[in-house]
Every structure is written in C-alpha cells, then in structure tokens.
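**Student:** Line by line, the protein sequences are chains X and W.
Those letters in the first sequence? Residues 1 to 797, per my numbering, in order.
Those letters in the second sequence? Residues 1001 to 1204, per my numbering, in order.
One should not assume that every hint holds.
[To be verified] Straight-line distance between alpha carbons at most 27 Å, and here's what the computed DSS-like set of lysine-lysine pairs gives:
id	chain 1	residue 1	chain 2	residue 2
1	X	K255	W	K1046
2	X	K616	W	K1156
3	X	K153	X	K564
4	X	K503	X	K421
5	X	K255	W	K1155
6	X	K223	W	K1155
7	X	K257	W	K1156
[Said to hold, decoys possible] Not the full set, but computed from the structure, chain W residues with beta-carbon under 7 Å of chain X:
id	residue
8	R1081
9	I1083
10	R1098
11	T1101
No lab work stands behind these hints: they were computed from the structure.
Idealized CB from N, CA, C, for every residue including glycine.
In case you want the letters, here they are:
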Amino acid sequence: MKITINGKVVNANDGDYVLQVARANDIFIPAICYLNDCSPTLACRMCMIEVDSKRSYACNTKVKEGMQILTNTKELWDERNAIMQTYCINHPLQCGVCDKSGECELQNFTHKAKVDTQSFYIKDIDRRHKDWGMLQYDPSLCIVCERCITVCKDKIGDNELKTVARGGEAPAKEFKETMSKDANAVWAKFQKSLIAPQNEESLQCQECAECVSVCPTGALINKNFQYRSNAWELSKIPASNPHSSDCELMYYDVKQKSINDNSKMIYRVSNDFHFASLSKAARFAFDIANECKFKDEKEFNHLVSLFKDGKIKNVKFNSYITNEEAYILELLRQKYSFNLVNNEALCFQNFINNFIYHAKEFYNASSNDIKKSDFIISLGSFLRNDHISLYYNINNAIVMNKGAGLNFYPIKDKKIDKISKNFINVNYNFSDEAKVLEFILQYFAKDLPSELSHLANEYEECTKEVEVKTKDEQGNEVKQIQSEIIKKSSLAKMINFDEDKLKDLLIKKNNFTLIIGADCIYNPNASYIAYLCACVQKYTNFKVFIIPPRTNTLGVSLLCKLSKEEDGFTLGYNERGDFSFSNDEHNNLLSSMLNQQEGTFTNYDKRLVPTNAALKFDGYFLNDLANALGLNAEYTIEYTKKLPLNKGFKNIDFDNLSNYYDNAGNNHRGYLLNTQEYVKNLDFQASIKEYKKFELNNDDVIVLANPIANFSKYTNKSSSFNECACLYASKNYLTKHNLKENSMVKISNENEELIVKVVLDENIENSAYLPTYDDKINPFKFFKTHRYCSLNVKEIV
Amino acid sequence: MQRYKKVDENRKLLLSPYEKFIKSVKRCLNTELLVGVFSVINETFKFNTATIKYPFEKIKLDNRYRAVHRLQRFIESESERCIGCGLCEKICISNCIRMQTELGSDGRKLVSNYSINLGRCIYCGFCAEVCPELAIVHGVEYENACEQRAYFAHKKDILTPIDKLKEQVEFEGAGALRKDASAFVKKTPNYYEIELAAKGEENV
Chain X
1 MKITINGKVV NANDGDYVLQ VARANDIFIP AICYLNDCSP TLACRMCMIE
51 VDSKRSYACN TKVKEGMQIL TNTKELWDER NAIMQTYCIN HPLQCGVCDK
101 SGECELQNFT HKAKVDTQSF YIKDIDRRHK DWGMLQYDPS LCIVCERCIT
151 VCKDKIGDNE LKTVARGGEA PAKEFKETMS KDANAVWAKF QKSLIAPQNE
201 ESLQCQECAE CVSVCPTGAL INKNFQYRSN AWELSKIPAS NPHSSDCELM
251 YYDVKQKSIN DNSKMIYRVS NDFHFASLSK AARFAFDIAN ECKFKDEKEF
301 NHLVSLFKDG KIKNVKFNSY ITNEEAYILE LLRQKYSFNL VNNEALCFQN
351 FINNFIYHAK EFYNASSNDI KKSDFIISLG SFLRNDHISL YYNINNAIVM
401 NKGAGLNFYP IKDKKIDKIS KNFINVNYNF SDEAKVLEFI LQYFAKDLPS
451 ELSHLANEYE ECTKEVEVKT KDEQGNEVKQ IQSEIIKKSS LAKMINFDED
501 KLKDLLIKKN NFTLIIGADC IYNPNASYIA YLCACVQKYT NFKVFIIPPR
551 TNTLGVSLLC KLSKEEDGFT LGYNERGDFS FSNDEHNNLL SSMLNQQEGT
601 FTNYDKRLVP TNAALKFDGY FLNDLANALG LNAEYTIEYT KKLPLNKGFK
651 NIDFDNLSNY YDNAGNNHRG YLLNTQEYVK NLDFQASIKE YKKFELNNDD
701 VIVLANPIAN FSKYTNKSSS FNECACLYAS KNYLTKHNLK ENSMVKISNE
751 NEELIVKVVL DENIENSAYL PTYDDKINPF KFFKTHRYCS LNVKEIV
Chain W
1001 MQRYKKVDEN RKLLLSPYEK FIKSVKRCLN TELLVGVFSV INETFKFNTA
1051 TIKYPFEKIK LDNRYRAVHR LQRFIESESE RCIGCGLCEK ICISNCIRMQ
1101 TELGSDGRKL VSNYSINLGR CIYCGFCAEV CPELAIVHGV EYENACEQRA
1151 YFAHKKDILT PIDKLKEQVE FEGAGALRKD ASAFVKKTPN YYEIELAAKG
1201 EENV
C-alpha cells in the first residue's frame, strides 16, 4: 500500500500506524508519549497530523491506501507550540541540576516547537519528592506522558505503576476559549494526574528501571546515578548484555572516575528503549570489572608451562565467555587434547544436536517471532526467574496481540497470572515434561510418525453432565441433566490440565510458538524431550524456541567439543580448578570481566552480536595465553572472522559488524548465523529416545533457580545485587515443612548437606528454589542430572 | 598575472633644491633638540615615575579583568553558588574545566570537586558568561607562572574562604547582570500571583 507523507510517497503495510511508517521512512513527527510496540496513549498529542485535511493523530491512525498526510504545516506547529507551553507551566527551572538535562525530551521539543513565551498560568501545588527505593520520583518534573505506565504494562509485565489524582486546579475558563483545543486537553489532563505505584507507597516490582529509561524528563531517576554526571559528559559504548542470552543492545555510559583519577568508570547503562528493553541485571550489574594493577608474569609463565608439559587434563569453564574465547579454547583443545568441561553447555549441546538430528533443522523461532505470535506455550521454564527479558517478549505478545497461551511449569508464579486471563499457568508435576509435549503433539499434530502413533489412543472415556432441554407431554420446557460419555485425553489429565479450556484460547489464533526451558534441557530424559520438540516443530504449526540458559551457551555449544571431566589436573578458566585463571575472587591469575573485553556473543536468536570493552584491563587475556602457546593473533577480535564457516559463522571482521536498531526497529546487530550450514555439517548420532520415568516427591522438590535477574555470580558481584545465597521458599512450602521465615535450615540428601537461610518469595505459590549466584556455596552437588530434586530440609535450632 | 601601476611615477618634487637647502640649515641651527633634553632633565629631577615597583607593587585591576577564576559564595547564606550544572565544563573551548558531582547528604546536588587546568585555559571568559548563578567568575589574580604546562586550580584553591567573604568582589565582566536587569524581566510562571494580588487590591 502506498501513502503520501509531506509529498513523499512511501510504502506501508496494512495495520501499521502512520507514526511507525513515517519513522521507518525517516520522516520526523514529534511524539512524546508514544513507545514502539506499546499501545498508544494519546497523552501528548504532539503527533498531530493532517490526513486529507482532517486533524488526526499519527500514533493511533492506521494507514489507508492513498492517504495524503501533512505533518509540518504552520498551524500544526502553532498548536504544538501551545502544547509545549502547557507542559512548561510551573515546570521548575532547575535544568541546571536536573540529571536529564541535555537528553531531555521536554527541552528538545520546547526548542523544536520554538517556545519563547509563556501565555498561560495556573496556581502551583505542593508536589513532594518521592523516594521509591531504587527509583526517585519528582512529581514536579513529571509531565504525565504515562510512558512509564505503558512500558511497565505492555513490555515489562509488572504493571506496577498507575495514575493517581494530583489535586490541582482545572485550567481557568478564559484559556479554554482562547487556546487551542488540543493544548487545553493536554493541560487539563496533566493538571489532573500523577504517577504512583499500585499500592501508592512503595514499588513491589523487579526494579528493572525501564520506566526511568523511557521517562522523557528527569521525573524518574535511578538513585545510584542521581547527580553523578551530566548526560553530555558520558560517552556511550555500544555493547551487548553479558548476563543473559538475549544479549540485548545496551550502552555503557563511561566517564573518568574523578578529577584526580583519570581512569574510566561506568556510570550507568542506557538503552534504545523503543526496541530493546533491559532487565535489572543488564541495567545495574555493570560495576563488576576487575582491576589489575600489574601483569603477574610468574603465574602466567607457570600456566604456560603447565600446558607445554602436557599436565593439563581438563579445562573447566562456563558460558559467560565470548565466541572468540570459546574458539581459542577449542583451538587449544585440538592442540593439547585436553577435555573441555562445561556441563551446562554440554547438556544444551546434546539437547540441540538431538533436536537437529530429528528435526533436520535448527529451532526455528526467534524472539521477534515470539513478539508476533498470538498463542504461546512455555514449557519447563521458570519464566520470570530464568529469563526475564524473554518474558518481556511474551508479555508484549500477550498484551499487544490479544494473545493467549499456556505456561507449563510446576511452580505457580502469581505475577504471570496477572498479565492476562488468557495466559494460564498449568502446574504439572515435576518430571512430567515429556507428557506435556506428548499432549501438545496429540492435540495439535496433524499426522504423527509411527513411533508416536500411540498418542492417538491415549484417550479415556469419562462422563460429563450436560443440561438438556426437552419438552414434556404438555409442551413445557423441562431441564434435564443427562450424563454424556465423552473422550478426554488421559495425557491432559496426567498434567493437571483441562483440555476444554484450550478451545476458547485458540479462537482466531494464527501464530504459535513453543518455548522450551531449562527443565527440559537438564533432564535425564533430555534426548527424548528433544525428539518430541523436534516433532512439534515438524508436525504442528508451532515454531519452537529453545532458551539457551546462559549468555553464550549457544555459541559455546556450537564452537566447542565438550566432554565430561576426567581425573587429573584441572585448569579453571573463570571457574575454580587446580589452577584458576579466573575473574572471581579465588584465582591464581586474574582474568577480565565481560565488560572489559571486545568480542561477540551468539544470542538466543541465533544471531552473532558484537560487544565492546567499556573499561581497560591490564592483566592477561586468554588471547595472551593462546599467543604464548603458539597461536598468533594480536587481539582477541582477530578470531571473529576466523570463526568456523561450517558451524554457521561468517567471514566478517569484528570492526565491520554493526550494532544498532534502525528507526523502523529493524535489527542491524551483527549477523544471523547460517544455521543450515551447521545442520548440514553436524556429525551426530541420536541416542536412545526412550522415556525413563523417575519418582519424585513433589512436595520436597527444590529447583535450581535464581531470583529475578540475579543470574549468576557475575550479577551478584555488583553492588546492586550482592546477596548471600538463601533458600527462596513459598509460603506453602514453609508451612508444609514447619519452617520459619529467615531461619537457618539444613538442606541434605544421602551424601551432601548445605546450611543456608530460608526466605519467603511472595511471588510463587508452591515449592522452593536454591540459587546459583553465590559461588561460596555449591548447590550443584545436589543437582547432577536434573534441575530439580527432592531434598530434605530441616530447621536448625 | 596582476598588472601593477606605479602611483607616483610622475610626482613632482614640491620643493626646489634651494628651498631644500634652506630647510636643512634651519633644522641644524635651531635649538629644538635642546627643548627635548631640557624636558627629560626636568622630569627626572621631579621624581615623578610612571612605572611601578613590581613585585612590591601591583596595578589595581578593573573588576572586568579576566585573570585566574574564582568560585563565589552567597554573602548572605555563605553557601556556594555553584549548583553543578556543568555548563562551564561543556562550553569550555580549551576543555580544561572538570567537575565532580554527587548526591549530597541534604538531598541536593553537591559539587564535591572542581578543577581548572590553568595551563590550558585561554581566559576567554565563556565559563563566567555561561554560568547561570554567577558562581564561576574571573578574579584579578594574574600571577600563575609555574614550572609545568599542566597546572591545576582545584575547588579549595578558588572558592572564596568563609573568613574572607567580606573581601569577595562582584565580577562585572561578561555574564554578569547589567545594572538595569530588572527592567527586562518577563512574565514568569508565577505571574498569576501578581495578577491575583492586583485583583485583590481592586476588590478592596
């Protein structure tokens, strides 16, 4: 479809809003309240346009064939001038100390609309500064554009903010007659309301601070950034989120530490909030860099000699590394033939390879597909806790596409219940993941392969009471209750799901996505589950999305040949080993953090994204070790273009990788992997796909999971988290096991035990979870093959 | 190729050779030379010197002079005028101003340190001109020769000490308010109060 904006003919798709089309074509229409992928609120009215000489608003006008649109006429700008004037009424003239000054949209649009006088006035009211913990709200700076409310509801899914009455006077009547209608409406609305948390006192949210990021003025500010620096003093370094596998685009805002110390420091993390939402981890866990005063040559030489003497049997590492590092490790493995040990990535690698073996292709959904889908099933993922930024996409899809879905997980998350009545929590019993997939196949698949044909028979007959209206002899209507025999899936019954609910949810749904979480991957039946997932992708309408559990799990599992640990000398790279070349506290030789390195990650969209070093690291990089061992590259990023083609990577130089979203929201970050190439070159024989049932006492189950956004030891290192590991339990769990909140408990199985504090997690309804972020305890000793197991918990008196 | 034209090629001599001779004889015999000598001797014995004995004496500079910066205080409240807006840092064309701010214990923006690299500063006065609070101004202290090129003045060096508050002089140079500034004040957002007051008077 073609429309004309300011005389320029542009292409548009049906259902697009004018504002989106204009932005995609680099036509500027001012808008303060509009946020991409969110519902238009029409609070600011700055986006007013003339459609076929009628007044309309670009943010909520859908395109029609042949539209003639004007956006820049003098009348429009006069009205915009009036609107900006109303925003400036009683706005404190404190730009000098405001943190937003320099990147403030109120400033920008006031200049853009050429406001140089103030024609209106009204009595000011007392608006006290509010302290909401991490966030600081200054109502006198707030222009009530409601962007924070919108983003919290439509993207983040917490729905924690609302408008409350301001208690201001209505604009005087004399103005109503003289000023423009829109400006008066904006003013009247703005005089009426203010922002407040749902309970009006404190925030009960995940503190992602996305509302601060979207705030056009300085009304919402992070406490840890307040009055630290002016916007123009900070240089933005584009990077990728190093804490979870969304690897979302973000910027480290960097400046010198102080007047006396010229070394750089990260002051905050900012983002392109229209297209990339960040979790609390990405936004606040930036102060984690390792300072290295000197190069420890002695230890380094010792490490080199360990390699050269062939003493190293295992190299243990985690998935919080770049692709380049993973590739260096793989090259070293080929040279010195040690075992590359990374259990988490190994599980994922096996899962993916099994999946590909059966499906003959890679998992086919991306986060963008999730955003577009209107029916989402999530299986085996403790959604908000495991991958909060993926949950943003799900919430966005459910809210914006009027979508529906099912969240299959044994633990009930109350916040997920709140986002929509059409997104239903289904709590199956732990270890029944395969049953859920079998049910999905039974319900949605068209023609199943012979191995799964038995699913078609897994129905049982049951009686259902139906009201039937009949006429008796006198011709009166009589209601009779008859019992009818119907067929119901026995699989649905097994997973505590009433399949009748599905019928309503599926009305008018076209785009289906299945999300596979960590419970399926760390599972003794992983290969069978992977086979079922492959069948879902092959035989149903569902697109399948498998969540890589850590930042670069996907990259590591594509690049490295991983194996199990054997007896012998272990080098820990960023992990604890006999020799630790690591970035945590216990190390023989210090290594760098991810914000001190250049490199690339492979994110969950199978996209290679670049990240830059925000801070300097003076110690040894893995590349220095590789150089000492005979590989040759001046910088780590020289490996970017050497990443193997047969695994789907491309021959592109690091410096030629772009990292941005354009105005239309198109992703220009790095490149998409050529997954077909990986599938073609995959040499993998699938192991048995039999289902082994294992018994668990559901009441005693503890899951290995982290509280929201505290993903790893790296996030926990930052001052914004910095917690001590405890057992997070639901109220239900506490009462069942006779535990008191905040008491010390002993967790044990036959061989191992662990003493931690138990705390209440209000968001979950059953069960408990043990975190991995604290490397002073080792919860992995309980969880060897599963992600969950039955453990005894006893209070210590 | 530019073609040049000689302007006075054909200029005639105004004086004849005879006249010229007479003029030079007059000059030689006249005592004009002695008049100059006499006035020098005269002045010498008056002991009326125009030079000053630097460094024992210093010239009194005008308040508009732009020498080493000063950070001013409010005389009434003794608090610092600087609000940490960073405009001086932004406008400085030789990029020699740097400030460090944080959240103060009273909830206001606190300027914890401030520095000017006087070795780089070109004393253009932009910082004083842009300062909305008349906090950073130029002083009259011009002796800042040093051994290194980089030479920093920190906040403690240039801020008016509380005990010398009485000696603080208002800067009259660029950026300072003109004497009749109040005549130029426009309607403010608080204009309603003035108007209400006016209406109130009418009612009375």
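**Student:** It remains to establish, for every hint, whether it holds in the given structure.
**Tutor:** Here is what the structure says about each hint:
no., hint, result
1, X:K255 - W:K1046, "64 Å, violated"
2, X:K616 - W:K1156, "31 Å, violated"
3, X:K153 - X:K564, "44 Å, violated"
4, X:K503 - X:K421, "14 Å, holds"
5, X:K255 - W:K1155, "20 Å, holds"
6, X:K223 - W:K1155, "26 Å, holds"
7, X:K257 - W:K1156, "19 Å, holds"
8, R1081, "11 Å, violated"
9, I1083, "5 Å, holds"
10, R1098, "5 Å, holds"
11, T1101, "5 Å, holds"
When the structure is compared with the earlier hints, violations turn up for hints 1, 2, 3, 8 and for no others.
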